[in-house]
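Trainee: Position chains B, C, D and E against the provided structure of chain A, taking the given hints into account.
Protein chains in written order, with this note's numbering: chain A, 1 to 342; chain B, 343 to 641; chain C, 642 to 1201; chain D, 1202 to 1540; chain E, 1541 to 1846.
There may be inaccurate statements among the hints.
As the list claims (entries may be wrong) - Partial selection, computed: residues in chain D whose CB lies under 10 angstroms from chain E:
hint: 1; residue: Ile1271
hint: 2; residue: Ile1299
hint: 3; residue: Met1301
hint: 4; residue: Thr1308
hint: 5; residue: Val1313
hint: 6; residue: Ser1315
hint: 7; residue: Asp1329
hint: 8; residue: Ser1330
hint: 9; residue: Gly1365
hint: 10; residue: Ala1375
hint: 11; residue: Ser1378
hint: 12; residue: Ile1384
hint: 13; residue: Ser1452
As the list claims (entries may be wrong) - Sample of chain E residues with no beta-carbon within 12 angstroms of chain D, all distances over it, derived:
hint: 14; residue: Arg1592
hint: 15; residue: Leu1612
hint: 16; residue: Phe1644
hint: 17; residue: Tyr1663
hint: 18; residue: Asp1665
hint: 19; residue: Gly1709
hint: 20; residue: Tyr1744
hint: 21; residue: Ile1745
hint: 22; residue: Ala1748
hint: 23; residue: Val1753
hint: 24; residue: Ala1828
hint: 25; residue: Tyr1838
Don't read these hints as lab results, they were simulated from the structure. Ideal Cβ positions, reconstructed from N, Cα and C, are used throughout, including at glycine.
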Amino acid sequence: MDSEPVLKLKEVTKYYPVTKGLLFARTIGHVRAVDRVTLDLDQGETLALVGESGCGKTTTAKLILRQETPTSGKLEFEGQDVHRITGAALKQYRTDVQAVFQDPWSSLNPRMRVFDIVSETLVVNHAVAKGEVADRVAKVLSDVGLRTEQSRNFPHEFSGGQRQRIAIASALISEPKLLVLDEPVSALDVSIRSQIMNLFKDLQDLYRMSYLMVAHDLGTTRYMAHKVAVMYLGQLVELAPTRSLFEAPLHPYTQALFSAALPSHPDIEREEIILEGEVPSPIDPPSGCSFHTRCPLKIGEVCEKETPELTPRPDDSQHHVACHLYTREPSRSPGDGEGKRV
Amino acid sequence: MTDSPLPAVRAVGAGTRKRPGFWRGLRRLPLIPIFVLVVLLIVPALSADWLAPHDPVRGSIPDRLKPPVFFGGTWEFALGTDRLGRDILSRLMHGAKVSLSISLVGILAGGVLGTALGLIAGYFRGLADAIIMRLVDISMALPSILLALVLAVTAGPSFQTIIVVVTFVLWALYARQVRGEVLSIRERDFVARARVAGASDFRIIVRHILPNAANTIIVLATLQVGSVILLEAGLSFLGVGIPRPTPAWGLMVADGRQLIVSAWWIAFFPGLAITLAVFALNLLGDWMRDKLDPRLKEV
Amino acid sequence: MSQIVNARLHADRVLRTDRPRRFRRVARGIARSVGVVVLVGVSLLLAQSPALAQADKLVAAVSKPGTETNRFWSGSTMWHVMDPALEGLLDQDPVTGENTTHGLAVSWEASDDFKVWTFKLRKGVQFHHGWGEFTAADVVHSYKLHTGPDAIIPTVDQLRGAKAEAVDKYTVRFTYPEPNKNLLFLHGGRSVLKIYSKAQFDKEGLEGYDRKFAGTGYYQFVSRKPGQILYQRFDKHYSSVKPDFRVLEFRFVDEAATKLAMLLSGEAAIADLPRELMKDALKGGMKTAESARAVIQTDVVLNGLYCESGDKACGKHLPWYNKKVREAMNLALNREEMLQVLFPGGGAKLLPRYAMTPGHEGYDPTLVQRFKKEYGYNPERAKKLMKEAGYPDAFKDPTIRLVLKPSAGVPEVALQMELIHQYLTVVGFKAELREIDHATVGSMGRARKAYIIHPSKNAPPRPTEVAFRAFYSNPGGPYQGWEDDWTSSNIKAFRAERDPKKRDAIAREVFNYLFEQYVSMPMFELRTQLAFNPKVIASWQFPGVTSTGYGHWHTVKAAK
Amino acid sequence: MRSPSAPPALEVRDLETRIDTKLGLIKAVDGVSFSVEHGKTLGIVGESGSGKSITALSILRLVPKPAAYIAKGQVLLDGEDLLEKSENEMRKVRGKRISMILQDPQTSLNPVFSVGFQVVEAIGLHADSRRKALLRRAVEALRRVRVADPERRVDDFPHQMSGGMKQRVVGAIALGSFPRVLIADEPTTALDVTIQAQYLRLLKDIQAETGLSIIFITHDFGVVARMCDKVAVMYAGRVVEYGPVRQIFNSPAHPYTKALLNSVPAIEEDVDRLYSIKGQPPAFWDMPEGCRFEPRCDVAMQRCKTEYPAKFARAAAESGGHCANCWALEEPEWIPSRF
Amino acid sequence: MKRYLVIRSLQSLLALLAISLIAFAMSHLTGSPVDAMLPDDAGPEEAARLTRLWGLDRPLYEQYFVFLGNALQGNFGDSIKWQGQTAFGLVLERLPATIQLGGFAIIVSTIIALPVGVLAAVYKDTPFDSAGKLVALLGQAMPNFWLGIVLIWIFAVHLNWLPTSGHGGLSHMILPAIAMGWFQVAAFMRLTRSAMLEVLDSEYIKLARIKGVPERRVIWIHALRNAAIAPLTYFGVIAGSIFTGSVVIETVFAWPGTGLLAIDAIRGRDFPVIQAVVVTFAGVFIVANLIVDTLYAYLDPRIRYQ
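So that you can see chain A by itself, here it is in the shape it has in the complex (with noise of 0.2 angstroms):
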């Protein structure tokens, strides 16, 4: 992980224009959907994006795979922007980066044969020779465990497992660098989600590819994720390496995030931090701290009026975190889990 990142996200902000107006619709505000977020992905290395609907995990995911433009920032993939490649570098970019979705029921198109579906990239990107795309096929179908003369049969002769897997193959085929996974077992029953949970490390050892992953339970989160970051109203509220963030999260969401998770087994106690209401709209955002009307630990004006800036721990570069607690008041440091608020 001492090479360069590659997938770099520098203050990138996606905003979607909310209108009004009967036949010249005006902008009346934003959905602040994306909200500077900057981070980096390296080689290798699978990073979390965590948070409930609505934080902007998704929106984030598709700018990386260019379903969406940045309103400003910017995306670098190898040092390249992502948003302004063209031509050849842009058909690269679409063989380095792949994604699989969360409903393997919706992803894989029913009028097409596994072959075709498996295939797509390297036809349409002409990535290789003619005569070698049944071979890469029967490959990577086997590397997803799947057999290859089930190439011929069409997505509903399958089960969701087997699906996911055929979508797992089709993101392969083009042998990327980065994939992109956006909820990749949620949808899938319990005792499928392992097995997929599993191949995916697999395939990340073997391929030696970078997973950006998009999540929503935390326990995959910590069973699949090298780093996490954790997302509210399009902001990055924490980053940081999986085991320290699970052991010690900061950030007063994050707090009340793990707090909400459910526990593994009856015994275990967990404080409940309940928090308040729902997350605020994202058409009109609070101002300061976008936290601070559901926050617990809210510490005064200074949450209303100041953005916290996503800053690293003293005592651990690695862990990020944007919260006035712990730039104003560098003494206080509740961040151990078993603080005394309910």
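Mentor: Same frame as chain A, now just chains B, C, D and E:
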């Protein structure tokens, strides 16, 4: 993770299951409508030239207005003859060809045009969508029958005129339906996946969206065959349908309607043929909708 | 929550915002009124027995007139529904069909050169609705209307150019720049001049006519609704004749089967059915009334032969430019058979020469004899002639385009053309049927581009000079199919000639020439036929004028 | 703990529900038995297609007619067999004595009626009050499920509320008539983590206040761990293991339960490699003859292929009725059980 | 919601403008009214005179703008065929008859179709459902003019229960309304049935039953209110088909409505009337659809509160 109350349904066709046998599959087909259509439409349409006992266009005056065989007629003219002494049965058989070809050509033309525009509108959205949908509105608001009348008095009634009218009536329907379908398909993940893979818009439309909208289009087409036959009949009634002496079913009913008292068979049999054929087509369309596209509303 | 009113416990009424509640109320109101309407409707239905014609009301189910307007001069094919209220200077005898003094003129005379016509008018004629006495001023006024810019009545051009003046209160004089020999036909047989009240016009203008026009006929106008005209007996008619029926109602129905149904169900007492349906009507206990004279001559025009010298529109490319082909086409038709098929109810006979009628100038009885031999059904000879003419191989475009077009008063035309199509096909012509409507044929004709074969009619049979003008002269009407130097010069000579004998000779020569040239396919001479209910009507005698052919409603006799 | 003699709030005995599908008649629920005590929570855990939702609908006798029907068994509510009741009597049971919360708040409220209407209706059907009183009770019910400002929200339509709020309204509808038994069919699956925590807390609070018995249907062992006292693990239409929640977590007996527990990643600890169950659940029309888990089971024996395993109960008295269906339990610690 | 309706209205106006152009083009395509109106034997001078009189000798664009200018003031010019009447006056005179018949057909078909459709969904796959389907499909399979003539023969001529044709009391409307409405009954019923099936399958219906709502109330209040939305959208389509149907049905039953007027106008090349009919009809269609949209919003609060 959805837990359907009918757990069985979701996993239909899961990889391990065997396909149903040929005969078992056959039994599930709607046999009655298929039988009716084969006997009434398809066989006559394909074989009228060899099977029809008489010339459908040229009659013999001495044989005019012969009743059907069970009403005092002879087997030579099983369903009787019309005012020009033409054999109704032969005309019906040839009429099947006419009805079928009008329906097929019209639906093909309207379907292709409407589907293309619907794909463009639904896929690209924006200005193209706005323009196409306004055109749809306009075409829906314009009374098609007036267009037919105008065309008929302008260009004269002909096969082409009918096709133009059918196309005009159908395209907007297809455009709207296909657009709706595309709007939902383009949100599905496999389209996103194709985009990520770098597929061009054209490829996405042709390889990903069109095949998935195909069921809708096919079902719509099946349901339309019947209404096109009825449309042809209505136009013939107004005197702007298929030109004489072509044996078109609608024209036969329209021509025979005056003699409904004294020579009821002239209009009755083609009327019956239309009713049965459309009936069967609707049944078949219903069945196909249930099979292929349960989401498609009754149209 | 304070807005919640006290009401009985009805869970579904609780808690709704204002608007839906109002909507609910409206919807419920609608539902209730729908229910009431249905109830009332059903009770009405049960109370109302199917409408049988009232004893003194005559309901006639007739074809829609070409135009529905009260302005006779700017309407078309509406004679039969205006006839009860409007009269002309001349009328026809219901039995003989001759022009008589039954109309508003009691006598008339023409100058020797037929340029000045003087009519003596009937005295003491009252207009309907109390618009006063009929005088010469009304004739002058009506004449002006009928020759005005918006006049579209047939043969209007032959009325134009006259000076109409009231010599005194009961004398009117028309002065024409050219001889107008056929003015009596125009007034009587054609009956194109109808007398409207000047007094009403001066007071109310055309709008007054549109609302409630005044004529002098046996019936006076009551009201007009779409699809219906109502008349009431006019009790102050100058004649002593009182129509048997007090009320006369026209119902306009185009669908023949519906008309028959109306007749058989007793809703109408008279219906103008297609002749095909007459049999059904007779079987249903109805009777038929027939016009005293033939009202229509039908013909199939071989159009496009505009072949005076140097005429570029001459259809030399047409197969029927060749006389042998024309002859063959005529010989291919089995007219006897057609007569049976088309007119099973009778009322028609074969026509040897279109526009040639007994009593008219140039009538030649020998043509009637020759017709059977020279035009009679002879498919073998037809084939031989075709072979001689080199048909179809010598022709670039051997297709014979037969036009199917609806024709007012002759619903049989479509079937007739289908029959012709069959006959032509049998002998080996390449024929196709085309459905082109009346107006389009008209515009093609006016543009001299009608390279088609289409049905035509002569209604009523016109005097020879009028017929020549309409059908065989350049520039004539749009329906002419035939123009050549010989015909044109002879017709010109005919029109200039004053001596009746010489005129007759020229006309005869022209008819013979046209006959020998096979310029068209003459078809039939028809009488108007109507079906009536003998329970309501005892008899009806009418002469037969114009294309729709029936009138004289005052002669309808009620059954006792 | 109540005395063992008192009847449980709800007991299901040998329930069998069949569905007539195009592929043949299937037993979606096949001889299921369990019970839930007053004030306690029973978890029914299973994957999609395991029959857990049909079981819930069978209790209320609301299986989709006419394709599905209850073939046999008993559903005892305070000792009364619901399957013997007439449809009219049954209607008085639904909502009043047993209620249910459905999975998806987005679709379980009728979009064209106001929230207040829907709550009032639920209460009004089982109470003979005047409408004003009903409204007051509806507002009360909404307040009980912590809907803020319920007086105002009653006029709202479902689409004006967030998912979590809607699920609270569904809760208010379900609890409006103070039922004794609540069936919660994955009520939090569609909710975000923090909202889910709120909701689970709410249910626990209400249970503590009212002594409600809850049957919690879920696929998530985390929910079970947090909410339940007893668990029934369902696989392919049958209960394969049943017992107190700690017994199940601490010493699962059935290989399926074990595998399931081992294949879920925990947030509390790092796991190097998760256990993964091979293959996939069987289709209903293609059921193995013997044990239904046999094709995926690591410890399957020959006998498992042909014979459905008998039920074995843990011998130890403190086990609280822990039992499982597996041939591997033919050992002294386990004794065959009739139920 | 308001915004939506305003946009829809503006769009409709735009569509109407386009339709006016089409109507103008359509009518002028048919040829000249001179040819239709003049008798067979009229000469070229007569034709030229009328062409001038009716202003048809002017350039087309000029004619269009004159037409448009007048049309904006609700004046489509004077009828050529019906001398003495304005084109729009004629249309207005005939429109009530068409709306009366069409409205009656719709009301009757709704009264029949809605309950039958609902019950067919509730008793899915029972003989009731099959019978309903049969009746519905039959209505959709018969040519309407054929049905009309057969009805006349049975009920007017043979049974003598009802009048054959014409415009009159309610009894006159029954046969044409059946001939016109049967198709609608069929479409309506099938639409209601499928919408009901979908709604009955929904979670909120399940919840209503769980609440203990009586089945009758579940169907007629909870389900129907939702299911009614789908057939409602069909009203817009019906507004269109009424006109199309009226052209045929009015001919069969001699019902003096706009359908008959339209045919006569086209055959007579009566440009002002053709234009007035087309634009009026498009207007009626558009207004009907706007009403449907508004009703839709009332029925579905999700739209109302947008």
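Trainee: Hints first: check each against the structure and report whether it holds.
Mentor: Here's how the hints hold up against the structure:
Using the Cβ-Cβ criterion of 10 angstroms, the hint placing Ile1271 of chain D at the interface with chain E is not satisfied: the shortest such distance is roughly 15 angstroms. Because the closest C-beta pair between Ile1299 of chain D and chain E is about 8 angstroms apart, less than 10 angstroms, the hint holds. This hint holds: Met1301 of chain D has a C-beta 5 angstroms from the nearest C-beta of chain E, less than the 10 angstroms allowed. Checking Thr1308 of chain D against chain E: minimum C-beta separation of about 4 angstroms stays under 10 angstroms; hint holds.
With a cut of 10 angstroms, the hint placing Val1313 of chain D at the interface with chain E holds, because the nearest CB-to-CB distance is about 5 angstroms. Because the closest C-beta pair between Ser1315 of chain D and chain E is about 8 angstroms apart, less than 10 angstroms, the hint holds. A least Cβ separation of about 14 angstroms between Asp1329 of chain D and chain E goes past the 10 angstroms threshold, and the interface hint is therefore violated. Interface hint status for Ser1330 of chain D: violated, as the beta-carbon distance to the closest one in chain E is roughly 16 angstroms, over 10 angstroms.
A least Cβ separation of about 17 angstroms between Gly1365 of chain D and chain E goes past the 10 angstroms threshold, and the interface hint is therefore violated. The closest approach between the C-beta of Ala1375 of chain D and any C-beta of chain E is roughly 7 angstroms, which is under the 10 angstroms cut-off, so the hint is satisfied. The beta carbon of Ser1378 of chain D is positioned within 10 angstroms of a beta carbon in chain E (closest approach about 8 angstroms), and the interface hint is therefore held. Because the closest C-beta pair between Ile1384 of chain D and chain E is about 9 angstroms apart, less than 10 angstroms, the hint holds.
Among the interface hints, the one on Ser1452 of chain D is violated; its C-beta lies about 36 angstroms from the nearest C-beta in chain E, farther than the 10 angstroms criterion. Annotated as non-interface, Arg1592 of chain E keeps its C-beta farther than 12 angstroms from every C-beta of chain D; the closest such distance is 62 angstroms. For Leu1612 of chain E, the requirement that its beta carbon stay farther than 12 angstroms from each beta carbon of chain D is met, with the minimum near 40 angstroms. Listed as outside the interface, Phe1644 of chain E is consistent with that label: its C-beta sits roughly 29 angstroms from the nearest C-beta of chain D, beyond the 12 angstroms cut-off.
Under the 12 angstroms C-beta cut-off, the non-interface status given to Tyr1663 of chain E relative to chain D is violated; the minimum distance is some 10 angstroms. Interface exclusion of Asp1665 of chain E from chain D breaks down, the closest Cβ pair being 8 angstroms apart, not more than 12 angstroms. With a cut of 12 angstroms on Cβ distances, Gly1709 of chain E stays outside the contact zone with chain D, its closest approach being about 39 angstroms. For Tyr1744 of chain E, the condition that its CB be more than 12 angstroms from all CB atoms of chain D is violated, with the nearest at approximately 4 angstroms.
The beta carbon of Ile1745 of chain E is not kept farther than 12 angstroms from every beta carbon of chain D, the shortest such distance being approximately 8 angstroms. A Cβ of chain D approaches the Cβ of Ala1748 of chain E within 12 angstroms, the least distance being about 7 angstroms, so the stated non-interface status is violated. Look at Val1753 of chain E: its CB is around 6 angstroms from the nearest CB on chain D, not clear of 12 angstroms, so calling it non-interface is violated. For Ala1828 of chain E, the requirement that its beta carbon stay farther than 12 angstroms from each beta carbon of chain D is met, with the minimum near 22 angstroms.
Non-interface status of Tyr1838 of chain E relative to chain D is broken: a Cβ of that chain comes within 12 angstroms, the nearest being about 10 angstroms off.
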